[in-house]
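Just so you know, the sequences run in chain order A and B. Counting from 1, one number per residue, gives the positions in the first sequence under my numbering. Counting from 1, one number per residue, gives the positions in the second sequence under my numbering.
In case anyone wonders, no lab produced these hints; they're calculated from the structure. Just so you know, not all the hints are guaranteed correct.
Simulated pairs of lysine-lysine, BS3-like, Cα-Cα distance not exceeding 27 Å [to be verified]:
| # | chain 1 | residue 1 | chain 2 | residue 2 |
| --- | --- | --- | --- | --- |
| 1 | B | K202 | A | K49 |
| 2 | A | K105 | A | K15 |
| 3 | B | K160 | A | K15 |
| 4 | A | K15 | B | K112 |
| 5 | B | K40 | A | K44 |
| 6 | B | K160 | A | K49 |
| 7 | B | K12 | B | K40 |
| 8 | B | K178 | A | K44 |
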Amino acid sequence: MVRLITHNLLACHVKGCDSNNFPLTFSDAEVEIRETEYNAEFLKGFFPKLEWKALVDSARQLGDVSLPETPPIDYDSNEEFLRALHHVLLEIHVQEGSMICPNCKHVYRIQSGIPNMLLAEHEVAGR
Amino acid sequence: MIPTPDLSHLTKEDYKHVYEPAEDTFILLDALEQDADYLKSLNPRLCLEIGSGSGCVLSFLGAVLGSTSALYLGTDINIRAAQATVRTGLQNKVSTSALVTSLYEGLEQRIKHQVDVLVFNPPYVPTLEGEASVAQDGRDIAGAWAGGTDGMAITDQLLKNVGGMLSPRGVFYLVAVKQNDPEGICVRMRRTQGLDGEVILKRRAGGEFLHVLRFRRSE
């Protein structure tokens with residue numbers, strides 16, 4: 001279940017790829033919509049952790065244009081906005097497809113809803 | 001009392017490749033349950049378990065905090081374990097998410113000072129030097145326990161970055177055994193990460209002396 005909430009936390013980590021490496025671009029995404037319980041407190045609490053532009057752009061790649069370019073000032077009390085955010089973050093699931101780094105073009109596969117972020121030995125940055 | 005997550009969907013075949021919850025898992029559940037009121041008071045929104053395996057702990061955390069109250073994200077280097085993490089979430093009505101990765105690779109850039117609850121039940125068993133990294137490369141069940149010379153080969157890779165991952169009120173739970181030197185870990189974490197650590201639960205189980213350590217920022 002790659003949802004946009006998880007995707008918003010993922011950046012390319014290939015050795016030396018450290019700029020323009022976020023967000024990963026969806027490719028050949030198979031999308032499923034699954035309804036889930038709405039929790040406004042969660043959304044308000046998670047909001048500050050989000051990279052907003054990345055979220056809006058990624059949702060648009062998946063065909064959802066419900067989020068505004070800039071979040072409303074009253075984001076924490078605007079229920080219409082929070083409902084849209086709920087749907088985008090938690091109800092859009094990418095089941096199969098790929099995520100491609102905008103910088104180095106590395107392809108991360110998504111299989112059965114689980115992204116694989118493992119790299120081959122020579123691509124790993126030093127720990 | 002919070003019940004242990006339902007794992008009836010996992011089979012013997014799954015447990016050939018995915019670590020089956022055992023005493024080390026259960027002491028971690030007990031520690032989280034003991035801290036339930038404290039954890040709820042933090043209003044955590046991002047909960048991350050490294051090496052989430054069967055998904056038992058992450059689902060339990062969801063039961064403690066509320067299934068829709070946080071993002072419950074697990075990582076595992078073993079794809080079957082990542083799948084089990086998601087299945088166990090579904091079975092227990094907690095929407096757990098999983099990634100196949102080593103430790104937190106791919107997340108590092110975006111989770112700086114964002115993780116509210118971090119959990120790691122690492123491969124802590126002392127083994128021959130080098131066995132830990134071979135086990136990780138195998139991406140199977142041995143990676144769930146083989147820990148290198150002092151059982152700390154994999155744990156140390158995470159510990160050096162915990163301070164940078166935790167949010168201001170963030171908390172980190174770690175399982176360790178006596179051979180890992182829990183007191184020494186606390187001293188090192190204080191010095192290198194600025195985190196206060198303490199042993200919050202310990203018990204003997206079989207041949208192991210299990211400890212659960214909790215770390216958070218100094219008051």
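Going through the hints against the structure:
1. With a C-alpha separation of about 34 Å, the suggested pairing of K202/B with K49/A is violated against the 27 Å cut-off.
2. Our distance criterion of 27 Å between C-alpha atoms is met by K105/A and K15/A, whose separation comes to about 13 Å.
3. Annotation: proposed proximity of K160/B to K15/A holds, straight-line Cα distance about 19 Å (limit 27 Å).
4. Annotation: proposed proximity of K15/A to K112/B holds, straight-line Cα distance about 19 Å (limit 27 Å).
5. Among the hinted pairs, K40/B with K44/A is consistent with the structure: their alpha-carbon atoms are about 16 Å apart, no more than 27 Å.
6. Between K160/B and K49/A the alpha-carbon distance is near 22 Å, which keeps this suggested pair within the 27 Å criterion.
7. At most 27 Å may separate the alpha-carbon atoms for a hinted pair to count; K12/B and K40/B exceed this at roughly 35 Å.
8. Between K178/B and K44/A the CA atoms are separated by roughly 41 Å; this puts the pair beyond 27 Å, and the hint is violated.
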